[in-house]
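Peer 1: Please arrange chains B, C and D on chain A, whose structure you already have, making use of the hints.
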Amino acid sequence: MLGEVPIGAQYADTGWFGVAATFMVMVFILYNIVRAHNRHDLFIRRIPGLNAINDAVGRATEMGKPIVMVPGLGQLDAIAVQAISIFTHVVRLAARFTTPIVLCCADPAVYTVAQEMIRDVYLQEGIEDRYDIDSVRFISDRQFAFAAGVSGLVLRDQAAACFFMGAFYAEALIFAETANSVGAIQVASSTETTQTPFFITACDYVLIGDEFYAASAYLSREPVFVGSLIGQDWSKIAIIVAIVIGVIMNTAQIGALKLNQITEAKSDAAYKQLAAPRPITMDDTTMSLMFNPQDDKTWKVERPQKPKDTADKGAGK
Amino acid sequence: MNPGMQDFLNAWYPLIKLSAGVFGTVGLYSVLYKENKFYRFVEHLYLGLAGGYSMIALWTETLDDTWYSKMVGKAATHADAAVPGMWAYAILLPIGAMGYFVFSKKHNWIAKIPIGIILGLYAGQQVQAWWNHYGPQINKCMQPIFPTTLASFTVPSKVGLSPAQVTAINQNIYPSQALSNLIFVATILCVLSYFLFSFELKSKFFKGMTRTGRLALMIGFGAIFGSTVLMRFTLLIDRMYFICIEWFKQGILHMR
Amino acid sequence: MAKIIGDKLQSLPKYWLFAILFLVTSIPLFHPLSVPTPPDDGSADLYAHLMQVPAGSTILLASDWTNSTRGDSKGQFVAIIKILADRKLKAAIYSTADAQAPRVARDTIAEINAVRVKNGQPPYSQWNDWVSLGFYPSAEGQLSSIATDLRKAFASKTEQNPATGEQQDVFESPVLQKIYKLSDCALSFTITASKTSDLTVERLLHKTPLVLMVTGVMGPQTQNYYYSGQIVGLAIGVKGAYDLETLMAKGLNVPGGIVSTKIPASAPPLSNQTDVQSIGTLFYPPLQFALWLLIIMVVIGNVGMALSKMGAQSK
Amino acid sequence: MEFLAQTDPGFWFGQPETMDLRIKVIGCLVFGFVLLAVLLNVPSRWRKYIVGAITFFAGLFWILQFFWPQPLHRSPTDLPANPKEVVSFWLDDAVPVVSDFTSILTAMLTLLGIFSLLRVHLGRLFKMQKDWAFSLVLAIAFVCQATFSLWDYYDRKANPQITAGHGWHIQNYMSDLLFDGMVQQFEAAMFSMIAFYILSAAYRAFRVRSPEASVLLGAALIVMLSYMGVVTQWDGFVKSMAGSNQFLLNFQLSVIRSWIKDFVQTPSIMGIEFGIGIGTISMGLRLWLSLEKTGNI
Chain A
187 MLGEVPIGAQ
197 YADTGWFGVA
207 ATFMVMVFIL
217 YNIVRAHNRH
227 DLFIRRIPGL
237 NAINDAVGRA
247 TEMGKPIVMV
257 PGLGQLDAIA
267 VQAISIFTHV
277 VRLAARFTTP
287 IVLCCADPAV
297 YTVAQEMIRD
307 VYLQEGIEDR
317 YDIDSVRFIS
327 DRQFAFAAGV
337 SGLVLRDQAA
347 ACFFMGAFYA
357 EALIFAETAN
367 SVGAIQVASS
377 TETTQTPFFI
387 TACDYVLIGD
397 EFYAASAYLS
407 REPVFVGSLI
417 GQDWSKIAII
427 VAIVIGVIMN
437 TAQIGALKLN
447 QITEAKSDAA
457 YKQLAAPRPI
467 TMDDTTMSLM
477 FNPQDDKTWK
487 VERPQKPKDT
497 ADKGAGK
Chain B
1064 MNPGMQDFLN
1074 AWYPLIKLSA
1084 GVFGTVGLYS
1094 VLYKENKFYR
1104 FVEHLYLGLA
1114 GGYSMIALWT
1124 ETLDDTWYSK
1134 MVGKAATHAD
1144 AAVPGMWAYA
1154 ILLPIGAMGY
1164 FVFSKKHNWI
1174 AKIPIGIILG
1184 LYAGQQVQAW
1194 WNHYGPQINK
1204 CMQPIFPTTL
1214 ASFTVPSKVG
1224 LSPAQVTAIN
1234 QNIYPSQALS
1244 NLIFVATILC
1254 VLSYFLFSFE
1264 LKSKFFKGMT
1274 RTGRLALMIG
1284 FGAIFGSTVL
1294 MRFTLLIDRM
1304 YFICIEWFKQ
1314 GILHMR
Chain C
2 MAKIIGDKLQ
12 SLPKYWLFAI
22 LFLVTSIPLF
32 HPLSVPTPPD
42 DGSADLYAHL
52 MQVPAGSTIL
62 LASDWTNSTR
72 GDSKGQFVAI
82 IKILADRKLK
92 AAIYSTADAQ
102 APRVARDTIA
112 EINAVRVKNG
122 QPPYSQWNDW
132 VSLGFYPSAE
142 GQLSSIATDL
152 RKAFASKTEQ
162 NPATGEQQDV
172 FESPVLQKIY
182 KLSDCALSFT
192 ITASKTSDLT
202 VERLLHKTPL
212 VLMVTGVMGP
222 QTQNYYYSGQ
232 IVGLAIGVKG
242 AYDLETLMAK
252 GLNVPGGIVS
262 TKIPASAPPL
272 SNQTDVQSIG
282 TLFYPPLQFA
292 LWLLIIMVVI
302 GNVGMALSKM
312 GAQSK
Chain D
577 MEFLAQTDPG
587 FWFGQPETMD
597 LRIKVIGCLV
607 FGFVLLAVLL
617 NVPSRWRKYI
627 VGAITFFAGL
637 FWILQFFWPQ
647 PLHRSPTDLP
657 ANPKEVVSFW
667 LDDAVPVVSD
677 FTSILTAMLT
687 LLGIFSLLRV
697 HLGRLFKMQK
707 DWAFSLVLAI
717 AFVCQATFSL
727 WDYYDRKANP
737 QITAGHGWHI
747 QNYMSDLLFD
757 GMVQQFEAAM
767 FSMIAFYILS
777 AAYRAFRVRS
787 PEASVLLGAA
797 LIVMLSYMGV
807 VTQWDGFVKS
817 MAGSNQFLLN
827 FQLSVIRSWI
837 KDFVQTPSIM
847 GIEFGIGIGT
857 ISMGLRLWLS
867 LEKTGNI
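Heads up: the protein sequence lines correspond to chains A, B, C and D, in order.
Convert by adding 186 to the 1-based position in the first sequence; the result is the number in this note's numbering.
Convert by adding 1063 to the 1-based position in the second sequence; the result is the number in this note's numbering.
Convert by adding 1 to the 1-based position in the third sequence; the result is the number in this note's numbering.
Convert by adding 576 to the 1-based position in the fourth sequence; the result is the number in this note's numbering.
The following block holds chain A by itself, in its conformation from the complex:
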């Protein structure tokens, strides 16, 4: 029992561990973003996928055929904004040689943000007049109407380079196969783990998993992207260290070459004596008790009660 009214449901027993881990990741990321603002020499290794992006834009420019970009199918979220920020790099290259670009969106909010970000690129390059508002298009928010629309467009305009970046689902192969049939170079990346093998088989180059986030950090050298990428690296190292420590502790507690016995076990957030010693299981190890907080049903919290007449009009009518 924790004495007077406990500090909070999610902090009861070992619940604080998850909250602390989340807070640690937040601190790693925000601290590194601040650090990246002050120091501009933070190192990020160049991922091979980026050479493929520049080659693809170069090829489209030679052939004078359009570049088709699809920022994925998800709603306006972290992935869509990240995909569009990679596309701003592509558009900056293409805008210099007036290569036609088409950016197809499947979500209205993504369409609005894409409209803004692509217009910013033309602004920064000082060629506001060459910006065509219909180069950023909303096709449909239905997954397969969108697939039909985009593959029809790739076929009709005979696109030379296609970039499929972001959250893709089953329709990803329709784009990749259609782009293949017109002989376009394809650089793709899906944050959906299950779509990546299809991209690997059908596209020329694929950024796997986190390389998608690393791409925009490397391309733009933006303090925010560089800082958050380093913060993410620290968090991954923290996970690696946690797993190594966890493996060592669990191996020791379970017993190397002999099975340890335990005499007391934890239930309802308190250690209780066992009737007879029994072999330890994975759920009894300190690490898993840390990860899985227990709720003590017997905690009674005395709180003033609502006056009777308004009681039923409250939450649970």
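In short, the hints are calculated from the structure, not lab data.
It cannot be assumed that every hint is accurate.
Below 30 Å or equal to it, Euclidean Cα-Cα: the simulated DSBU-like pairs (lysine-lysine) are [as the list claims (entries may be wrong)]: (1) LYS251(A) with LYS706(D); (2) LYS1097(B) with LYS706(D); (3) LYS263(C) with LYS1097(B); (4) LYS1137(B) with LYS1168(B); (5) LYS706(D) with LYS1100(B); (6) LYS494(A) with LYS733(D); (7) LYS483(A) with LYS208(C); (8) LYS1080(B) with LYS119(C); (9) LYS1137(B) with LYS494(A); (10) LYS1312(B) with LYS208(C); (11) LYS706(D) with LYS89(C); (12) LYS179(C) with LYS486(A); (13) LYS660(D) with LYS1169(B); (14) LYS624(D) with LYS1137(B); (15) LYS1221(B) with LYS263(C); (16) LYS660(D) with LYS486(A); (17) LYS182(C) with LYS483(A); (18) LYS179(C) with LYS492(A); (19) LYS9(C) with LYS1137(B); (20) LYS733(D) with LYS182(C); (21) LYS1137(B) with LYS263(C); (22) LYS251(A) with LYS158(C).
Peer 2: Quick look at chains B, C and D alone, frame taken from chain A:
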């Protein structure tokens, strides 16, 4: 609806409905051969019907119940007491209207306010959801890598043993299980090291780790490709079932 | 010579391939045959948990699929509704993935009821056995709301009570009258063709046992949840539907039933065996032929490449 | 403190169909549009801070709800015991209202996307550009679907026996035909076309070119074989040969498949997922604090 028309529809409507579906399916499949007018017709028919439905579904499936009826409340009926209306929901109409300024050259910045609310709510959700998704999985990666008994290399068969013997076998970790756990831990550590970007992995050991990480990724992706291909064909079989059985056999030939 | 054969093998016209695929996936539909395959652990665990739920309790069911993934998801949805009807369990059905999903769920249950009434069984009726709670475009927001206060998450939802003909609050229906918060529901099912499976685990974990039924493409990713114990049951694509139909017919770890080494629990087959076979059993045989076609084509492609390379080197 | 919690029966509620509620609703609308007008004329250098503040407070709600101590074992009739619990009660009660706000705003913005679809196609129609006929088809389909499904919705609300399938009229038939008969089937057709692309991609691209490609090919074949009927014949043959020799029994296809799934496939996908999860948190933080230069103004 006059009875003549009603009988006609009762008899023929199911077949008309199936035929409309088959017409569109064949039209869309025609793009497999090459992009053609028939495909483009069905494509635009589909975009229009889908857009029309999405627009109406927003009102019928969401705004009518979650916004309008909560705002105005519901009068008492003999079955239910009156439900008071929450007038503060009305503020959402002007905020939603701000989104439509995206088309105006001068004021398109204001469209960022409703998007800002949605983005902010989404961002807060991500911080909250991370631990429930990944915490238990990180914990599961902490597998014991030493055997607790050297009685036999692999797990002995439990056929025809007393329950006490079976539980004893289940509690112990045999060398083959310990080896598998070691492979599990090695794979997760190699794959995580492949995704480290903020320092150059010069030493041979790290280079070896990232190369094994990439090989493990390929096994993972191969398994994903295999199980996903299996399911892709199911969707095609479902279309064949729709055309061959539901439309042709049951619709036209009336065979059950 | 080898090069000519190699190049020819690698350049079979695409349209022949498509024609063969059409035939391979349609002809076996006309005369079904059975293909015995052991059920996955996740499907057996799902069946065991669902058969142990006390009769009369309520299941929260997220139906996040439409007819575009009918092949994968409808077989799963039909299997679950048949088990719920057979065991007299109640279901509260909602959707956060697609505006069309509530309507598709209604029509599918109507189809099942038509067959049940023809076989003299009571229909799985709206209001008394299940209620439809509509669609919510923001999945994250609605799932968080369900986790904190289920009653408020579905406030102001009404449905037509067949007895009185009046539109009444859904929390007065036999399905939801005893339900005040998520942990009152015996299980939470999510049948989905999108990412709502991840969003459900992130928000409803520890509130009630979770079961996910996903399409094939989401199977491997969702496997991690089952492996880490975050969900108690997992059905993947039409193999999941096929496993459930086999278990509904034969039972799990019971005499004459399916034996599973990894899942210790036992569960009887359904009490009423009429109309148990459905989409899973029907689609599984043509799937075998399609997979053989794919494997043969991969082998031809590689043999062609090897021959071309040999031919080129010998020149 | 009751702003979002909506549980205080007095201030935030109005009795249905009474003048009092209508005045409050209209008052709120007027206030909203006045706010809109004021915001339109706000000096441009404030804009960035207004949008940043709005995004920050929207995100702050869920982050506060995660970190602020939640009430332990709260029953519906409890009142907060101390100031800390006043905040935590308010946070819990406001969750359904905030999630409604997200649903409603997302719905309102989806209309915006549909307008841009119409703008592109109606523009092509009126300027008689190439393929204007197809845009006409799109427009007609859009109008038919919209009118019939709205008409059908209110028809079903008025007399519920329609849902059971009796007494259908023209609008019910048309709505059913256009929605269930066409939109659903067209979508299924598009989704199923992927099987053809997979077959041609596997035939064309699935080559043993590099060690990685052969590893991917090997794992995929093992998985596919384990789902097919061949697994029962292969396992039957191995069982008959191995008898009770545990080591040989490991060569059953289903055993190999489940070993790869549990000890290589799962950790490799977990490795990618951990990376993506942390990436999503980092992007969430950047959006919340408007650090995304390209995202905002």
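Peer 1: Hints first: check each against the structure and report whether it holds.
Peer 2: Hint by hint, here is what the structure shows:
1. LYS251(A) with LYS706(D): holds (19 Å)
2. LYS1097(B) with LYS706(D): holds (19 Å)
3. LYS263(C) with LYS1097(B): violated (50 Å)
4. LYS1137(B) with LYS1168(B): Answer violated: LYS1137(B) to LYS1168(B) is near 41 Å, above 30 Å.
5. LYS706(D) with LYS1100(B): holds (13 Å)
6. LYS494(A) with LYS733(D): Distance of about 37 Å is beyond 30 Å: violated.
7. LYS483(A) with LYS208(C): holds (14 Å)
8. LYS1080(B) with LYS119(C): Holds. LYS1080(B) to LYS119(C) sits at ~24 Å (cutoff 30 Å).
9. LYS1137(B) with LYS494(A): holds (24 Å)
10. LYS1312(B) with LYS208(C): violated (48 Å)
11. LYS706(D) with LYS89(C): Violated - the C-alpha atoms of LYS89(C) and LYS706(D) are around 59 Å apart, more than 30 Å.
12. LYS179(C) with LYS486(A): At roughly 24 Å apart (the allowed maximum being 30 Å), LYS486(A) and LYS179(C) satisfy the hint.
13. LYS660(D) with LYS1169(B): Roughly 45 Å separates the two Cα atoms, so the pair is violated.
14. LYS624(D) with LYS1137(B): violated (41 Å)
15. LYS1221(B) with LYS263(C): holds (12 Å)
16. LYS660(D) with LYS486(A): Satisfied, since the Cα-Cα distance of roughly 18 Å is no more than 30 Å.
17. LYS182(C) with LYS483(A): The given pair, whose Cα atoms are some 16 Å apart, holds under the 30 Å limit.
18. LYS179(C) with LYS492(A): holds (22 Å)
19. LYS9(C) with LYS1137(B): violated (73 Å)
20. LYS733(D) with LYS182(C): holds (29 Å)
21. LYS1137(B) with LYS263(C): violated (53 Å)
22. LYS251(A) with LYS158(C): violated (53 Å)
Consistency with the previously given hints fails for numbers 3, 4, 6, 10, 11, 13, 14, 19, 21, 22, ordered from lowest to highest.
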